[in-house]
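Novice: Residues per chain, in single letters:
There are 2 protein chains.
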Amino acid sequence: MDDRLLLDRIRGIIGEKETEDDCSVFDLGNRFLVMSTDMLHETTDFPEGMTDYEIGWMAAAVTLSDIASMAASPADLLMAVGLDRPDRLIGITEGADACCRSVGARLAGGDIDRHAELTIVSTAIGFVNHEKIIRRSGAKPGDLVCVTGLPGRAQAGLEGDPRFWNNLITPIPRVREGIAFSEGGATAMMDISDGIALSLIDLGLASGVGFSLDPSLFPLIPDIPATRAEDLFLFGGGDFELLATVPVECFPVAGVDTSVIGVVTQNRDIISGGAPLPRCGYAHRWN
Amino acid sequence: MDDRLLLDRIRGIIGEKETEDDCSVFDLGNRFLVMSTDMLHETTDFPEGMTDYEIGWMAAAVTLSDIASMAASPADLLMAVGLDRPDRLIGITEGADACCRSVGARLAGGDIDRHAELTIVSTAIGFVNHEKIIRRSGAKPGDLVCVTGLPGRAQAGLEGDPRFWNNLITPIPRVREGIAFSEGGATAMMDISDGIALSLIDLGLASGVGFSLDPSLFPLIPDIPATRAEDLFLFGGGDFELLATVPVECFPVAGVDTSVIGVVTQNRDIISGGAPLPRCGYAHRWN
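Protein sequence lines correspond, in order, to chains R and G. Heads up: the first sequence runs through residues 1 to 287, numbered per UniProt numbering. Heads up: the second sequence runs through residues 1 to 287, numbered per UniProt numbering.
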């Protein structure tokens, strides 16, 4: 069982709509409040060699990325830290605080616990005007499939490419880009933390569409074999870039550096270069 | 080092005001949004014998209690769950969902992770009008010190008194009581999750006051020796009752069943029955 199957069972309890997007959505009347939470812990989420500062940065960044993916502006972040050693808290807090400040958010508090294994849960809120929110469910056939940055770098960094170590350990939440996509008319959006392939599956399910990707358009990591670069691009996890669908007439989107990698299709298949895209990427597994 | 010392070091990074109350406070313009997060895990927080449903309930309740202690109405709760076994998620979710519904809140989503030790972080938001929020810092000399319920029951339950097992494992967030205290003019408030003695220390520091308690007024657990009952009352952890200070002219407070246990003093000492109150209660320790 992977966590996507578990999620299906949770939907039966708390509702379908509550679990579809990167954030929960609460209507404040004049705007939406969005909220997201992420649990990270040492053995599975923090590569060896990270400093405590970098760990704190990453823990904040993954959650702020969820806020960004709804085109919201992050406001406050709370961090619950289960510490194996108390002295780690200062570096972790400084890193999280710096990440929050880098996107105009505030580290507003949290909880301290002790734990056999360092465990951090960041929870953030953000705000977005009613007409500006972007969900996973708005993609329309004919829209362009766009992605920011150079996906695959985090996975390459994890596998030892020193050029991309920083992409792995101190990801940048794409807050500015998320808002630019919204201003520019994007129809659906999410971040690609589990890899582009899995993200497309989620986006396709939520929107009731499929995708046709053109590998010749993929922005690939330079100076490695092309087939390897393409695998990293499609299946690598740990990048916190944004995947968005944009109507043709809205492209290019002002203020965001993005690559078109394909189009949205009425047919629900996900095709890359004429062949079905394998369902691979980052997923927790229960054996 | 205990977590109160660690907290002092965090204040240097994120600010004094951000860590003083049970919740962070964000000004929405027309009202305050309050937010709180709590990490619980199996070996230190969930007594043996609890069902997964009860674990989920407790994890939600401790966080909703923080919202209640600011006199806010809870809205959404997110739950990040690190599972040792995936099949536990259903019961945990059902328990958390039931606890949320019991106070008019919504379990709105979360995160699933795997973890060697079951770990749950609940984060909740709530709303309160500007003039209705109650912080730890408003207590005034002469105010009455009030507490809801019968504190000490959770600790008694933990120590084997079967009458109070349910008080320990399925605490009730005092949302209705928090709002009633606010409507009735309370000046400061917090929950007593770490015990009354430690809570009074925090309340006294935040308000710049002391307290004089009269043990003859304490509402004590019946049918156990009085000295033992008094210890449980003052130093037992795990009760999620509310401690509030109320001006004499506002007492009794409509809609809340509360006991007066002493008065707020200008002198910053904390005295019970004429003797200084020991600094004892629940605190994580780092050795």
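Hint data in this document are derived by calculation from the structure and do not stem from the laboratory. A hint or two may mislead.
Said to hold, decoys possible - Cut-off 25 Å, straight-line C-alpha distance, at most; resulting in silico cross-link-like pairs (SDA-like, lysine to any residue): (1) G:Lys132 <-> R:Asn30; (2) G:Lys140 <-> G:Phe251; (3) G:Lys132 <-> R:Ser212; (4) G:Lys140 <-> G:Arg101; (5) G:Lys132 <-> R:Phe26.
Claimed, not checked - If you want the footprint, here are the derived chain G segments under chain R, 3+ residues with CB under 8 Å: (6) 26-37; (7) 105-115; (8) 239-245; (9) 259-272.
As the structure is a computational prediction, the values presented were derived from the model and not from experiment. Glycine residues also receive a C-beta, built at the ideal position from the N, C-alpha and C atoms.
Novice: Work down the list of hints and note, for each, if the structure agrees.
Specialist: Here is what the structure says about each hint:
no. : hint                  : result
1   : G:Lys132 <-> R:Asn30  : holds (21 Å)
2   : G:Lys140 <-> G:Phe251 : holds (14 Å)
3   : G:Lys132 <-> R:Ser212 : violated (55 Å)
4   : G:Lys140 <-> G:Arg101 : violated (35 Å)
5   : G:Lys132 <-> R:Phe26  : holds (22 Å)
6   : 26-37                 : holds (count 6)
7   : 105-115               : holds (count 10)
8   : 239-245               : violated (count 0)
9   : 259-272               : violated (count 0)
The structure is inconsistent with the numbered hints 3, 4, 8 and 9, although it conforms to all the rest.
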